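*Asks:* Respectively, the protein sequence lines represent chains A and B. Reading the first sequence from the start, the letters are residues 1 to 612 in our numbering. Reading the second sequence from the start, the letters are residues 1001 to 1085 in our numbering.
In case anyone wonders, no lab produced these hints; they're calculated from the structure. Note that the coordinates shown come from a computational prediction; the quantities given were computed from them, not determined experimentally. Cβ coordinates follow ideal geometry from the N, Cα and C atoms, glycine included. Among the hints, erroneous ones may be present.
Some chain B residues well away from chain A (every beta-carbon gap over 10 angstroms; in silico) [claimed, not checked]:
hint	residue
1	I1008
2	R1017
3	R1082
Among chain A residues calculated to face chain B with C-beta under 10 angstroms, some are [claimed, not checked]:
hint	residue
4	L193
5	I194
6	I273
7	F500
8	T504
9	V527
10	M528
11	P531
12	A535
13	H549
14	D553
15	D570
16	P592
17	A598
18	Y603
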Amino acid sequence: MALDYRKCAQEIVDHIGGRDNVAQAAHCATRLRLVIKDNSKVDKDYLDNVEGVKGMFESNGQLQLIIGTGTVNKVYDEFLDITGMTAATKDDVKAAAAEQQPLWKKLLKPIGDVFVPILPAIVASGLMMGLVEALGKALPGFAGSDWYGFLDMVANAAFVFLPGIVAISAARVFGGNIFLGAVIGLLMIHPGLINAWTVADYVAANGALPTWKIFVFPVAQTGYQGHVIPVMIAVFLMCQIEKWLHKHVPEMLDLFITPLTTVLLTSYITFTIIGPIFSQLETWVLAGAKVLVRNPIGACAMGAIYPWTVVMGLHHMYNVIEAGMLAESGLNTWMPIASAANFAQFGACLAVGLKAVSNKTKAIAIPSSMSAALGITEPAIFGVNMRFFKPFIAGMIGGAVGSIFGALTGIGASAYGVTGIPGYLTINNPLLYTVLLAISGGIAFVLANIMWHEEGQPAPAAKKEAGAPDAVALSTETGIVKAPVNGKIIAAKDIPDPVFAQETMGPSVGIEPTEGIVYAPFDGEVVMVFPTKHAVGLKADSGIELLIHVGVDTVNMNGEGFEAFVAAGDKIKAGDKLLSFDRKTIAKAGHPDTVIVAITNGYDYQDVKRAA
Amino acid sequence: MQEFSYTIKDPKGIHARPAGIIVKKLREFSSAAVVIKGDDIVDLSKIMPFIGMDIAKGDKIIVRTEGPDEKECAEALKAAFRENL
């Protein structure tokens, strides 16, 4: 009887701790390869007995379930359908397994995950909004026309309700109910609250913001228009509460109690804790910004920090500063700083768009950069620069340099509300403004171009591959082992380490590498890749077992400077790229980079020949 | 049969170099040896499967030796583990 793929996949999902416990899923010819977050949630005994699973083992951080040729892909499809995951390539799985990312990268990842799905909604809107606003300033009379009213409304809808959209996407990423997520997001921009963009005007007119007193905490009646991070935090919290309740509330009451409690609790915490923290931050940023812009050094700092304030959603406070400047001196010197910062994000994003090889990245980056040039930077920041992060840094530097130029020349605008190219409409010195945009955008563009390259796109250094060497390093009566690395083959006794020099691992030679790439020395299979990626174990079709160990004591480098292109179980052909290593990093860590090649089952052979 | 247990102290766990030293030490004896971690049992004379057990710091392993010189072999292996791991 044919296997019930759906049932098999369902049972697997149920016994690996559910969708939330799977980081990545892929399959090869026979195995379903899963990267599991928490191995303790995996019921191995049960999995072994699931119909269709012929065996399972863990290797290199992957849980591999042997399902069989022609079947595994069908089970995999059902698995994706059940979990709602998207197909990962084998390489993605390896990347996730190898992933030992620093904290800031882990914190950035959810931002990218949340924003990528909503890019279609905001990229075009941002571009259109920039154009419509620019036209409104450029053409006298257009701003009051019916066309303007209509186009402006269509263009800004995605931004006016951005927290709602972000919340839905965040709920999906964090594993909560997307409709409850929508409720939280929309609640934060509820028309019953004072719009965040008009808070300043409201305070000016009425003195203070109205608050409700609930339990001990005051709840300020202000909305979160234009905010992103507080919304993501709120939805993250909501998902945690929701998941906890789902587990602990009896099923009969679940539908009633869980959503109600989730929404109520999340709302209360959002408005009493998350909200006030951000409004306090806003106050500080505002006060800090006012001080900073008084001198060129401060302006420079502001130009660098500016995109961060956009990320935090604090930038909507700046029109208070600009209005204050206009009232005081008639000149808005804030605008050049904002323009420099925004235009730098344009430059960085454009660099990504032009340099990217994958069409997907290009398709997002180019329109996002156009929108940023018009002053709407959210798509560029969240959809591109922040995700890849290096372009974001490039943008910060460009913005900082541009800002200092703006402050030194003292140019300013006669109004507020537009930056970037539309800024020409309000600036008092178009020529210097052009220089400012060229500096900030140009620096960011060049830096992003240097610093960033698409993942999977070879770094410039790796391009000059000499190809796999042809020399034979070792041979036995059953087969040969080619030199896995380009370089000079040396006798084992000359390896700068007593243990390896005594051929402790088996018959060995050393290679003084001239290039940081390890190639497969024969046709066979990868037995294991060390977690630190400095060594691989291989088995040849001829039966030879081989250890290739890059450098001496390089285990201490914890994988830094090493990259693995294969995983245990992979079939290899002679000349395939197995590992890469950065010779400079090894030298800097103070280790020799001699590559040790050892036949570990040497005792199986009578006659082992060494090339040196 | 002789048996001893050992908890790995090396922060890197069992990696190539110390594993090689231990496998080489075993060859000095005519006894056979296996290393056991949880459900995994591996012939200690084979370096690749031994390293492939992914033994980490804090893991408790059991080593069994059997043969004419099993006692001396166990002692020597125990010393080798202590020195290198």
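*Asks:* Taking the hints in turn, state whether each one holds.
*Replies:* Evaluated hints:
With a minimum CB-CB distance of about 14 angstroms to chain A, B/I1008 clears the 10 angstroms threshold, and the non-interface call stands. A Cβ of chain A approaches the Cβ of B/R1017 within 10 angstroms, the least distance being about 5 angstroms, so the stated non-interface status is violated. Even its closest Cβ contact with chain A, about 16 angstroms, leaves B/R1082 beyond 10 angstroms, as expected for a residue assigned away from the interface. Taken as an interface hint, A/L193 does not check out: its beta carbon lies about 52 angstroms from the nearest beta carbon of chain B, beyond 10 angstroms.
Because the smallest distance between the Cβ of A/I194 and any Cβ of chain B comes to about 56 angstroms, over 10 angstroms, the interface hint for this residue is violated. Restraint check, A/I273 versus chain B: the minimum CB separation of about 38 angstroms is more than 10 angstroms; hint violated. Hint on A/F500 holds. Least Cβ distance to chain B is approximately 7 angstroms, under the 10 angstroms limit. About 4 angstroms separates the beta-carbon of A/T504 from the nearest beta-carbon of chain B, less than 10 angstroms, and the hint is met.
Because the smallest distance between the Cβ of A/V527 and any Cβ of chain B comes to about 6 angstroms, under 10 angstroms, the interface hint for this residue holds. For A/M528, the interface hint holds, the least distance from its beta-carbon to any beta-carbon of chain B being 5 angstroms, beneath 10 angstroms. The beta carbon of A/P531 comes within 7 angstroms of a beta carbon in chain B, closer than 10 angstroms, and the hint placing it at the interface holds. Given the 10 angstroms rule on beta carbons, the hint for A/A535 holds: about 5 angstroms separates it from the nearest Cβ of chain B.
With 10 angstroms as the threshold, the beta carbon of A/H549 comes within range of chain B, its nearest partner Cβ sitting at about 5 angstroms, so the hint holds. Hint status for A/D553 relative to chain B: holds, with the closest Cβ pair at about 8 angstroms, below 10 angstroms. For A/D570, the suggested interface contact is broken, since its CB lies about 14 angstroms from the closest CB of chain B, more than 10 angstroms. Interface hint status for A/P592: violated, as the beta-carbon distance to the closest one in chain B is roughly 13 angstroms, over 10 angstroms.
Interface restraint check: A/A598 against chain B, minimum CB-CB distance 8 angstroms, threshold 10 angstroms, status holds. Checking A/Y603 against chain B by beta carbon gives a least distance of about 8 angstroms; that is within 10 angstroms, so the hint holds.
This entry does not satisfy hints 2, 4, 5, 6, 15, 16, going by the numbered hints stated previously.
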